[in-house]
Amino acid sequence: MEYFIQQLINGLTLGAIYGLIAIGYSMVYGIIGMINFAHGEIFMIGAFISLIVVLLLNSFGLSWLPAVLIIVLVMAMVFTSLYGLAIERIAYRPLRKSFRLAPLISAIGMSIFLQNYMQLLQGARVKPLQPMITGGFTLIDDGDYTVVLSFLQIIIIITTTIIVILFSFIIYKTQLGREQRACAQDRVMAELVGINVDTTISVTFIIGAALASVAGFLYLLYYGVVDFFIGFLVGIKAFTAAVLGGIGSLPGALLGGLLIGLIEVFWSAYFSIEYKDVAAFSILVLVLIFRPTGLLGRPEIEKV
Amino acid sequence: MEGEIVALIGSNGAGKSTLLMTICGNPHAKAGEILYNNRDITRLSTYEIIRSGISHAPEGRRIFPHMTVLENLQIGARDKECFNREVDRIFTLFPRLKERMHQQGGTMSGGEQQMLALARALISRPRLLLLDEPSLGLAPLLVKQIFKAIREINETEKISILLVEQNAYHALHLAHRGFVLVNGIITLTGTGEELLNNPEIRAAYLEGGR
Numbered sequence: 001m002e003y004f005i006q007q008l009i010n011g012l013t014l015g016a017i018y019g020l021i022a023i024g025y026s027m028v029y030g031i032i033g034m035i036n037f038a039h040g041e042i043f044m045i046g047a048f049i050s051l052i053v054v055l056l057l058n059s060f061g062l063s064w065l066p067a068v069l070i071i072v073l074v075m076a077m078v079f080t081s082l083y084g085l086a087i088e089r090i091a092y093r094p095l096r097k098s099f100r101l102a103p104l105i106s107a108i109g110m111s112i113f114l115q116n117y118m119q120l121l122q123g124a125r126v127k128p129l130q131p132m133i134t135g136g137f138t139l140i141d142d143g144d145y146t147v148v149l150s151f152l153q154i155i156i157i158i159t160t161t162i163i164v165i166l167f168s169f170i171i172y173k174t175q176l177g178r179e180q181r182a183c184a185q186d187r188v189m190a191e192l193v194g195i196n197v198d199t200t201i202s203v204t205f206i207i208g209a210a211l212a213s214v215a216g217f218l219y220l221l222y223y224g225v226v227d228f229f230i231g232f233l234v235g236i237k238a239f240t241a242a243v244l245g246g247i248g249s250l251p252g253a254l255l256g257g258l259l260i261g262l263i264e265v266f267w268s269a270y271f272s273i274e275y276k277d278v279a280a281f282s283i284l285v286l287v288l289i290f291r292p293t294g295l296l297g298r299p300e301i302e303k304v
Numbered sequence: 001m002e003g004e005i006v007a008l009i010g011s012n013g014a015g016k017s018t019l020l021m022t023i024c025g026n027p028h029a030k031a032g033e034i035l036y037n038n039r040d041i042t043r044l045s046t047y048e049i050i051r052s053g054i055s056h057a058p059e060g061r062r063i064f065p066h067m068t069v070l071e072n073l074q075i076g077a078r079d080k081e082c083f084n085r086e087v088d089r090i091f092t093l094f095p096r097l098k099e100r101m102h103q104q105g106g107t108m109s110g111g112e113q114q115m116l117a118l119a120r121a122l123i124s125r126p127r128l129l130l131l132d133e134p135s136l137g138l139a140p141l142l143v144k145q146i147f148k149a150i151r152e153i154n155e156t157e158k159i160s161i162l163l164v165e166q167n168a169y170h171a172l173h174l175a176h177r178g179f180v181l182v183n184g185i186i187t188l189t190g191t192g193e194e195l196l197n198n199p200e201i202r203a204a205y206l207e208g209g210r
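Taken in sequence, the protein lines are chains A and B.
Using the working numbering, the first residue of the first sequence is number 1, and each one after it goes up by one.
Using the working numbering, the first residue of the second sequence is number 1, and each one after it goes up by one.
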């Protein structure tokens, strides 16, 4: 039982990170009907930017933890958003009117480009970060097995919760969010009520990138290492999460993220750690076979 | 003409809906120019054209199905001040929508959806309203209601209306002027009354139809 609780905590932490990235996949799919395969790289860039800002702040001698966390978070969100915006402008917008496969191929190209770009810029070696947050609560200690909820895990879950609440507020309660949803539901009609669709799509990429950068920062804190290739596997898992939750559905993306995190952690804990990725991707296959619209996705119904 | 209802009738594929969409800049006109308030709007983007005071309630209603009635109206109003100012007027015009305020647009009946589409187009106080087949797929009683609402809007608010209809009889009764479009070319024009009594029109669009 103690072991189970510990794995639950670990799984939720990992799932929170996946969920944040999955939202970006889902939003972009919702509005332009395309899988943004470069989104994993956006996450990776977010992690790198976070690392750079942390090191900069340390060199300035700023070490008060809350301030560091908030500054890093904001800086990472701002700079990563610029990447998201630029990618949409350069790689996707010129192809918007062409056939459906074109932007998809462009996205894969963008993903490969960004990996190599980061490798050239930062080198291929793994970049470590000294643990910034240590310690934790011991929840259960029966002499045999200790269940620990680390401060780091608390910070990850709290940060994710705050970011998701903020994000939901923007999407469901503001005019910006309504316009975003309107474009996702009917782009032609959205234009006919005076929405600037191009701007709205840009905003979607900015929000997606900002969420991915938060995930990047949390990942950096949790694992303490980044390299230019982390975006690939994490990105594909987050994509799986988005499909599991129902692509296009935002609560679904978060739910899918949590589930994928839990599945991966429980699989490693009870079966074999070598096959944890297989477990996560088997889910993708099963979902696509038995429930193609995902858990919370809605089937396309045309009402005449 | 300002404050007028103009009906555009014609058979399937004559180009009626295309004309309305072209006015909105989607697609852009390949040749010629579109003047609105003596201003050339031919090359403007759709959203700029809409924001200059033209509203379009397109064919098939196209309300946002996964948003509530209120949210659909907020989208139509574009900003908060406009929404707060106009929402009461809209709800007096369509009391039904007030009852359904928090319902998802897609779960409403066809008639209610059409009211919502009209309301969404009207809440931004346009100078010109483009209406594409507002009677499509509605029961006769509802068609009457919708046309009554259109007349009311025109009379009380002096909004110019360009109405595209298959239902030529109703449309010409309502309209001050009418145009007949055949294969993209205007073949006949006149007041609503004149067109109603024109034997060619009667034969082609009215008899047997209705």
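These are calculated hints, taken from the structure and not from any lab test.
Here the structure is a predicted model, which is why all the values come from computation and not from measurement.
Some hints here could point you the wrong way.
What the hints assert, rightly or not - Have a look at the derived ranges for each label pair, beta carbon to beta carbon: (1) B:E4 - A:I236: 34 to 44 angstroms; (2) B:E33 - A:I71: 23 to 33 angstroms; (3) B:E4 - A:S98: 40 to 50 angstroms; (4) B:A139 - A:T199: 20 to 30 angstroms; (5) B:G137 - A:R96: 52 to 62 angstroms; (6) B:G190 - A:Y172: 49 to 59 angstroms; (7) A:S98 - B:H66: 35 to 45 angstroms.
Even glycine gets a Cβ: it sits at the ideal position worked out from N, Cα and C.
Comparing the hints with the structure gives:
{"no.": "1", "hint": "B:E4 - A:I236: 34 to 44 angstroms", "result": "violated, 59 angstroms"}
{"no.": "2", "hint": "B:E33 - A:I71: 23 to 33 angstroms", "result": "violated, 54 angstroms"}
{"no.": "3", "hint": "B:E4 - A:S98: 40 to 50 angstroms", "result": "holds, 42 angstroms"}
{"no.": "4", "hint": "B:A139 - A:T199: 20 to 30 angstroms", "result": "violated, 40 angstroms"}
{"no.": "5", "hint": "B:G137 - A:R96: 52 to 62 angstroms", "result": "violated, 32 angstroms"}
{"no.": "6", "hint": "B:G190 - A:Y172: 49 to 59 angstroms", "result": "holds, 51 angstroms"}
{"no.": "7", "hint": "A:S98 - B:H66: 35 to 45 angstroms", "result": "violated, 28 angstroms"}
Going down the numbered hints, you'll see the structure goes against 1, 2, 4, 5 and 7, while the others check out.
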